[in-house]
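**Q** Protein chains in written order, with the numbering used here: chain L, 1 to 65; chain V, 1 to 719.
Simulated from the structure, these hints should not be mistaken for lab results. Some hints could be false.
As the list claims (entries may be wrong) - Examples of chain V residues toward chain L, derived with CB under 10 Å: (1) 279; (2) 297; (3) 570; (4) 642.
As the list claims (entries may be wrong) - PhoX-like, lysine-lysine: derived pairs with alpha carbons at most 25 Å apart: (5) 185(V) / 156(V); (6) 531(V) / 38(L); (7) 156(V) / 23(L).
Ideal Cβ placement from N, Cα and C applies to all residues, glycine included.
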Amino acid sequence: MIEVNGKQVEWEEGITVEKLLKKMNYTFPKIVVRVDGKVIEKSDWEEHHIPDQSVVQAHHLIAGG
Amino acid sequence: MAKSIEDMRKSRRALASYDYDQAEVEKGYTGKTLYINISDNTIKSKNVTEQMKDIFIGGKGFGLWYLWNGVKPETRWNDPENEIVISSGPIGGITQYPGSGKSLVVTLSPLTNSVMDSNVGGFFGPYLKFSGWDALEIQGKAEKDIVIFIDGDKGKITIEEVDIDPTASHLVSEQLTELLAENEKDKKNISIVSSGSGGENTNIGILNFSFYDLRRKVARMKQAGRGGIGTVFRDKKIAALAVKFSNLSGRSNNPADPSKIAKTGVKITREINKFDDEQFRMRQIGTANLMTPMNDYDLLPVHNFKYGSHPDAAGLSSDTLRDRFTQNMPDGCWVGCALSCCKAVDNFELKTGPFKGEKVLVDGPEYENAAGLGANCGIFDANYVIEANFYCDTYGIDTISTGTIIAFAMECYENGIINKEITGGLELTFGNADAAMELIHQMGQGKGFGKIASQGVRRMKKIFAEEYDADPAFLQDIGMENKGLEYSQYQAKESLAQQGGYAMTNKGPQHDEAWLIFMDMVNNQLPTFEKKAEALHYFPMFRTWFGLQGLCKLPWNDIVPEGNAQTDSPEKIPEHVQNYVDIFNAVTGKKIDQDEMIRQSERVYNFQRIFNLRLGFGTREHDASPYRALGPVTEEEYESRSERYDKQLKEDLGIDPTEMSITDKIKEMRKYREGRYETLMDVVYERRGWTKNGIPKLEKIKELGIDFPEVVDVVKKNL
Numbered sequence: 001m002i003e004v005n006g007k008q009v010e011w012e013e014g015i016t017v018e019k020l021l022k023k024m025n026y027t028f029p030k031i032v033v034r035v036d037g038k039v040i041e042k043s044d045w046e047e048h049h050i051p052d053q054s055v056v057q058a059h060h061l062i063a064g065g
Numbered sequence: 001m002a003k004s005i006e007d008m009r010k011s012r013r014a015l016a017s018y019d020y021d022q023a024e025v026e027k028g029y030t031g032k033t034l035y036i037n038i039s040d041n042t043i044k045s046k047n048v049t050e051q052m053k054d055i056f057i058g059g060k061g062f063g064l065w066y067l068w069n070g071v072k073p074e075t076r077w078n079d080p081e082n083e084i085v086i087s088s089g090p091i092g093g094i095t096q097y098p099g100s101g102k103s104l105v106v107t108l109s110p111l112t113n114s115v116m117d118s119n120v121g122g123f124f125g126p127y128l129k130f131s132g133w134d135a136l137e138i139q140g141k142a143e144k145d146i147v148i149f150i151d152g153d154k155g156k157i158t159i160e161e162v163d164i165d166p167t168a169s170h171l172v173s174e175q176l177t178e179l180l181a182e183n184e185k186d187k188k189n190i191s192i193v194s195s196g197s198g199g200e201n202t203n204i205g206i207l208n209f210s211f212y213d214l215r216r217k218v219a220r221m222k223q224a225g226r227g228g229i230g231t232v233f234r235d236k237k238i239a240a241l242a243v244k245f246s247n248l249s250g251r252s253n254n255p256a257d258p259s260k261i262a263k264t265g266v267k268i269t270r271e272i273n274k275f276d277d278e279q280f281r282m283r284q285i286g287t288a289n290l291m292t293p294m295n296d297y298d299l300l301p302v303h304n305f306k307y308g309s310h311p312d313a314a315g316l317s318s319d320t321l322r323d324r325f326t327q328n329m330p331d332g333c334w335v336g337c338a339l340s341c342c343k344a345v346d347n348f349e350l351k352t353g354p355f356k357g358e359k360v361l362v363d364g365p366e367y368e369n370a371a372g373l374g375a376n377c378g379i380f381d382a383n384y385v386i387e388a389n390f391y392c393d394t395y396g397i398d399t400i401s402t403g404t405i406i407a408f409a410m411e412c413y414e415n416g417i418i419n420k421e422i423t424g425g426l427e428l429t430f431g432n433a434d435a436a437m438e439l440i441h442q443m444g445q446g447k448g449f450g451k452i453a454s455q456g457v458r459r460m461k462k463i464f465a466e467e468y469d470a471d472p473a474f475l476q477d478i479g480m481e482n483k484g485l486e487y488s489q490y491q492a493k494e495s496l497a498q499q500g501g502y503a504m505t506n507k508g509p510q511h512d513e514a515w516l517i518f519m520d521m522v523n524n525q526l527p528t529f530e531k532k533a534e535a536l537h538y539f540p541m542f543r544t545w546f547g548l549q550g551l552c553k554l555p556w557n558d559i560v561p562e563g564n565a566q567t568d569s570p571e572k573i574p575e576h577v578q579n580y581v582d583i584f585n586a587v588t589g590k591k592i593d594q595d596e597m598i599r600q601s602e603r604v605y606n607f608q609r610i611f612n613l614r615l616g617f618g619t620r621e622h623d624a625s626p627y628r629a630l631g632p633v634t635e636e637e638y639e640s641r642s643e644r645y646d647k648q649l650k651e652d653l654g655i656d657p658t659e660m661s662i663t664d665k666i667k668e669m670r671k672y673r674e675g676r677y678e679t680l681m682d683v684v685y686e687r688r689g690w691t692k693n694g695i696p697k698l699e700k701i702k703e704l705g706i707d708f709p710e711v712v713d714v715v716k717k718n719l
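Throw the hints in and build the complete structure from the sequences for me.
**A** Written out as structure tokens, the structure reads:
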């Protein structure tokens with residue numbers, strides 16, 4: 001399992017940041033992703049593998065119209 | 001309507017005039033307010049005191065202060081002593097930083113019977129200031145329709161009768177601009193404020209503030225939309241306000257440190273140019289960029305806020321609307337705004353109403369219009385939304401309230417509370433665009449069922465209960481208003497913090513105080529009541545600040561700077577917060593920091609709360625929320641997201657839902673959610689320095705320095 005924004009989510013072999021965001025249906029264009037406290041730049045999302053037991057924060061930067 | 005501009009020119013008859021020496025702008029202020037009483041045609045100059053600048057700053061702060069002094073506790077919105085105050089703010093009018101041309105309008109509202117404020121673009125506020133006036137304070141009521149002209153070039157004010165038809169706002173803007181301009185280029189020096197027939201026929205009248213688009217050669221309009229300010233305007237028999245100022249320059253605001261402003265402006269303009277296309281695409285779609293993500297995250301209001309998404313939402317997706325907007329145009333509503341989000345549909349051929357067959361420019365649709373007029377009414381047709389947007393603007397009615405009102409009427413219709421006999425034949429089912437359009441025309445023109453709908457959701461509930469035997473409790477649950485103001489267009493059921501962000505507000509459920517849905521519901525950054533309360537303190541205070549300065553909120557967080565992710569609080573966009581502190585200091589020569597910035601807002605925010613109290617509101621009972629905003633009211637709502645709700649019953653309440661009836665599930669869920677909302681109120685009030693009844697404590701107002709005797713007196717009477 002991994003923790004995503006405080007909620008338990010099933011870990012999958014080979015899951016990357018990009019795949020996780022897709023799985024969560026996080027389509028918003030401005031998301032700050034931290035894996036175990038470290039910011040993962042958007043350019044690295046496709047390649048960055050998330051280890052099991054990780055704590056992921058995917059913070060959407062939006063404060064409405 | 002005048003037959004020609006020449007006829008209009010000949011018809012002008014001055015009722016009063018006033019010559020003045022234009023005060024120089026000094027560090028963002030002229031130090032003068034223009035007071036006009038249209039009952040007796042008094043026109044005079046009032047001094048802006050240092051105390052006003054220190055405590056109320058400008059914009060909404062000035063509006064509240066003048067209104068406080070102009071009205072009595074028993075004053076109602078349509079009494080002559082009610083005022084309309086328009087003020088930009090010390091930063092308002094700079095051209096180097098995006099979003100710096102806003103005006104704030106303050107009055108007593110026909111919807112809430114309390115204080116209303118609304119923030120609007122267009123050129124009026126900056127031109128008013130550069131014509132010599134930090135604020136315009138209008139009191140009284142005219143006998144016949146009048147136009148107030150402010151000639152900032154010549155230093156002359158006139159109150160005039162003019163042969164102009166005030167019923168269609170886009171024509172009023174066009175015609176008065178034509179009347180005052182010496183040539184085509186001169187039109188950019190003019191701004192008109194008008195309402196429309198909706199201001200006469202509804203409680204949701206708006207003010208349109210014009211700005212001339214030199215490339216399109218048309219007077220475009222931005223709206224002070226919330227709370228029926230246009231209704232007050234037309235009740236006073238004001239057909240229009242007009243200002244002319246021809247000498248705008250980058251130095252018109254005469255700041256203390258122009259180079260600091262220029263540097264800060266260059267920095268953010270570079271960010272916009274570099275990142276906007278990959279971030280929010282404000283320059284392509286404006287705020288309508290939110291349509292797709294809101295649907296994706298189950299936050300788009302659908303069918304009177306029952307649901308948060310819809311299978312047909314693609315009909316109003318961000319990209320669908322982008323394709324309707326003319327691209328690569330300088331769409332800023334004030335000079336120098338690189339964010340340029342004020343999108344428009346050009347050459348739109350109207351299919352209905354008094355302008356049927358004409359090709360017009362439509363300002364918008366913005367997110368709220370598409371979400372409210374479209375999705376919330378179950379209509380996912382861009383042509384409908386564009387046409388509805390046009391007519392709401394030119395009739396002068398609030399698109400947000402209109403959307404919520406029609407959605408409410410549709411739910412009542414589908415529940416048999418109202419029927420064709422009552423609606424005059426309108427089949428108000430969700431998704432019926434023809435019926436919705438007809439209702440908009442009826443509201444704007446004061447006809448048929450439109451006369452009921454145009455009174456707003458709060459009065460509709462009363463009428464439906466008293467005259468059509470509807471269940472008042474059900475109407476209370478589904479009628480999306482708080483304090484008498486209709487909700488703006490976000491689904492807040494799964495965000496407790498946003499439920500407070502809507503209902504624990506000064507003017508009612510408009511999202512300009514706090515928008516915390518993602519922080520709370522998706523990011524889970526506010527897991528405790530204390531964290532939610534902290535956000536419901538910080539963000540309303542921070543966002544109030546824009547309205548004191550003449551600023552737009554959008555360039556704060558609709559563009560995100562490089563390196564923001566590495567900061568301690570990315571959601572606050574710390575670099576941009578510091579930009580604002582720097583600009584304020586560079587304009588005024590003062591030396592505030594980020595803490596003092598929040599204190600500036602706190603003074604005004606608490607003053608507004610006490611103003612509500614003085615008028616008989618401003619206590620806990622007025623912060624109550626309709627249950628539709630907190631949770632599922634009906635079985636179909638519960639069933640539509642039963643997996644989510646059953647899980648919550650199990651995990652959050654410790655109840656096994658397996659054998660429960662749906663009625664019992666709804667009942668348990670409601671008890672839980674309403675209990676949490678009550679707890680949130682306790683914690684938020686504590687954080688804001690208020691009593692359990694939501695009244696600012698005496699020590700709080702003393703600490704803030706707003707302990708004027710009359711303010712203390714109001715608080716003491718209510719403790």
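**Q** Compare the structure with each hint and give your call.
**A** Hint check results:
A cut of 10 Å between beta carbons decides the hint on residue 279(V): the least distance to chain L is about 5 Å, and the hint holds. Checking residue 297(V) against chain L by beta carbon gives a least distance of about 7 Å; that is within 10 Å, so the hint holds. Given hint, residue 570(V) at the interface with chain L, holds; its Cβ is 5 Å from that chain's nearest Cβ, closer than 10 Å. The interface hint given for residue 642(V) is broken, as the beta carbon of that residue sits about 19 Å from the closest beta carbon of chain L, more than 10 Å.
Under the criterion of a C-alpha separation no larger than 25 Å, the hint pairing residue 185(V) with residue 156(V) is consistent with the structure, at around 22 Å. Of the pairs offered as hints, the one joining residue 531(V) and residue 38(L) holds, with about 23 Å between alpha carbons and a cut-off of 25 Å not exceeded. A distance of roughly 64 Å separates the Cα atoms of residue 156(V) and residue 23(L); the hinted pair therefore is violated under the 25 Å criterion.
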